[in-house]
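Each protein sequence line maps, in turn, to chains R and Z.
One gets the working numbering by counting positions in the first sequence from 1 and adding 128 to each.
One gets the working numbering by counting positions in the second sequence from 1 and adding 8 to each.
Hints were generated in silico from the structure; no laboratory data involved.
The structure displayed is predicted, hence computed values, not measured ones.
Yeah, the Cβ is synthetic: ideal placement off N, Cα and C, and Gly gets one too.
One thing to keep in mind: the hints can contain errors.
DMTMM-like mimics (lysine to aspartate or glutamate), calculated; alpha carbons at most 25 angstroms apart, straight line [said to hold, decoys possible]:
(1) Z:K440 <-> Z:E409
(2) R:K303 <-> R:E246
(3) Z:K405 <-> R:E307
(4) Z:K84 <-> R:E360
(5) Z:K405 <-> R:E360
(6) Z:K30 <-> Z:E247
Here are a few chain Z residues that sit away from chain R, every Cβ distance over 10 angstroms (derived from the structure) [claimed, not checked]:
(7) V29
(8) V48
(9) A383
(10) S397
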Amino acid sequence: MRKKNVSSLKSGRRRPAVSAALLVLGLLVTGGAYAAFSASTASAEVDLQSQQVITEGQKLFAANCATCHGQQAQGTEAGPSLIGVGSAAVDFQVGTGRMPMQAQGPQAPEKPVQFTDEQVKALAAYVASLAPGPSIPTADQLVNGNVANGGELFRINCAMCHNVAGAGGALTEGKYAPELKSVEAVHVYEAMLTGPQNMPVFNDLNLTPEDKKDIIAYLEYNKNHPSVGGLELSSLGPVSEGLFIWIFGIGAIVGLTIWITAKSN
Amino acid sequence: MSITAKASNYLDERTSISGAVKEFGRKIFPDHWSFLLGEVALYSFVIILLSGTFLTFFFQASMTPVEYSGSYVPLKGVEMSAAMSSTLDISFDIRGGLLMRQVHHWAALLFVSAIGLHMLRVFFTGAFRKPREINWSIGFVLFVLAMAEGFTGYSLPDDLLSGNGLRIIDGMIVAFPVVGTWISFLLFGGEFPGGDIVGRLYSLHILLLPLIVIAFIGVHLMFVIIHKHTQYPGPGRTEQNVVGYPVLPVYAAKAGGFFFIVFGVVALFAATVTINPIWSYGPYDPSPVSAGTQPDWYIGFADGALRLMPPHLETYWFGYTWSWNILIPVIILVVFLAVVFAYPFFEAWVTGDKREHHLLDRPRNAPVRTAIGAAGVTFYAVLWAAASSDIIATHFKVTMEGVINTLQILLVLGPIFAFMITKRMCLALQKKDREIVLHGYETGRIVRLPGGEFIEVHEQIDEFERWQLVSFNDNAPIMLRPNPRGRITSRMRARANWSRFFFEDRIAPVSKSEHMEALEHAHH
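Using the sequences and the hints given, assemble the complete structure.
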């Protein structure tokens, strides 16, 4: 006890418990502040018709998008025209971080979102103001679907590229269908509406709004219900199961055979 | 007399079983970890039988359409076959059912992998040589039967994945001109998928195939007892003896305990890791095919062969379409398996070796055999990797075409390079062994001689170790001599060529006189 006192006084250091407490406090403050900040941005309601928002979006567009899509969003050799793509396309592409594109490649990958939610909405408002197009779905378009029907529709329409468990899959020439487990419902809906990258458009005649709702319900169900069988191994099916048995199964078994035969020597 | 003694006496007086117990109990088995791989396969099979029996109580092998009404929400009210519906019931509504399904499937994967490893061990140590060639063939049949068992089992639940697998089999069958379509209709009871296939596969899966497997395992083990177990070369081990422990009490206890260890590992996997989640695959419907559709690992090499085949290879002859893009992979697979089957007989023909071999080869001491094995493993591994070409593409961020083209090239060049590299490595290791026998091992002790020269002191290895390094079969290429009729047949010529291919590059073991000379030299 005496020694402890001496050492902490002499060295002028804080006691470990104090350091830990400070660390926890610091983490709580920064984490809390971040949560409060991001919550405030996420809940922002933006009026896409407002002229002020559209002007704001035009400025952002000119600064961040016009290089490839042209000053009037008319398109250039580097990027397609955005006239008539609607707010849904912008919200999907910018809201998932795919745009602005990092580099030209087979496909724009998902990456950290570069804009705040208001800015994304402002961009969407500007592009939507150019010509009519599919608009961002409202919250009630995304809920109360039929899970079983959604599963069936998903297997028929989506699974050939996105995998039956939504684990993603390969396309040609380095393109791919991304995994869907981490995708927000609104972005799934927008992707079906607008057919981003290599995805076909699933318009309302092809998959009715009711069908889209069902598909989203199915995906949300899977998100909220992890596999009853235990670890999912990325839901990649027999390939990951095979790797598992060869690495961990055979690894463990061979280790055990060595153990068993080594004991007697 | 104790109760055990009385009981055993009672039994013996009525069955004369003591003779068999004495004979079997005194069987000696050598101790090495790689000798337990076959045992792992056997134990996995027992686990499969136990868990499979449980599953048969609840599984309905019928393709009658039903409306699912079990407790898995995303499939409620969906039309599916009774097979699929009962498999879902096993997974969600029967106590312990999912655990048993997962035990069954994980044990099946382990079964085939253990067989594969066991075969590799037997191959690379030359354990297939006389008198064990026939047992290699039996083991090979067991390997093929295991794949057949696996595939029929994979197809039973009638989920989307298994249906896609059957679709590929159907595609392979109908690729055969003239008879293909007839066979397909016969097998599926009409146009694919028909309404009969699950029931038929079920009979094969739970009755016919397991019976054949059990019979072949019986013969396989009987031969192990008749031939006695092989052993690695070592002090006191000869072609006439077996050095190890008796079955009773040592091996019986060890093997019994090991069974529970294997069961424990399988149960641990089954309890914690999902396998074949048919609920997320959904019921079979011929229209959807999921991305990332693969067979279980042991059928992967066949899937890979199909994926690596260049497209558009079709000809139209005699009013039939000849789909070479399917026929060629099928032929390649059959030839590959035939080579695996026939190798022991082929090697025996080339060497002309009629002696019995109970001492195993160290892989380096049979460089060409080891190299052929490495080439075979490479060939198989490339096909295997090809089966997951799409997953390689997405996970390593490369193009699918790039993966396929690379693997196509590797399929041809890989085995050739593997052969050359492995052969050179074996020869180099043999040279190293010679070096150690002749000049001893480096002690790391540096001595400065009076003249100023530095030398490292080499120490002779002890005679047990030396024996291991010098006693191996030294095969030389056979001489081509005319037969009694004074002729050299093309068969003899072929054999001589193969013999040259096998043995022209060889490192002879150190002879006694060479060793003496080296010792003499070292002393001066």
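Evaluated hints:
1. At roughly 44 angstroms between alpha-carbon atoms, K440 (chain Z) and E409 (chain Z) are farther apart than 25 angstroms, so this suggested pair is violated.
2. Between K303 (chain R) and E246 (chain R) the CA atoms are separated by roughly 31 angstroms; this puts the pair beyond 25 angstroms, and the hint is violated.
3. For the hint pairing K405 (chain Z) with E307 (chain R), the CA-to-CA distance comes to about 14 angstroms; that is within 25 angstroms, so the pair holds.
4. Taken as a hint, the K84 (chain Z) and E360 (chain R) pair is honoured in the structure, with Cα atoms around 22 angstroms apart against an allowance of 25 angstroms.
5. Distance restraint check for K405 (chain Z) and E360 (chain R): the Cα-Cα separation of roughly 22 angstroms lies within the 25 angstroms cut-off, and the hinted pair is therefore satisfied.
6. A hinted pair counts as satisfied when its Cα atoms are at most 25 angstroms apart, and K30 (chain Z) with E247 (chain Z) qualifies at roughly 23 angstroms.
7. Interface exclusion of V29 (chain Z) from chain R stands, the closest Cβ pair being 22 angstroms apart, more than 10 angstroms.
8. Against the 10 angstroms criterion, V48 (chain Z) falls within the reach of chain R, whose nearest CB is about 5 angstroms from its own CB.
9. Annotated as non-interface, A383 (chain Z) keeps its C-beta farther than 10 angstroms from every C-beta of chain R; the closest such distance is 20 angstroms.
10. Residue-level check failed: S397 (chain Z) sits 8 angstroms from the nearest beta carbon of chain R, not beyond 10 angstroms.
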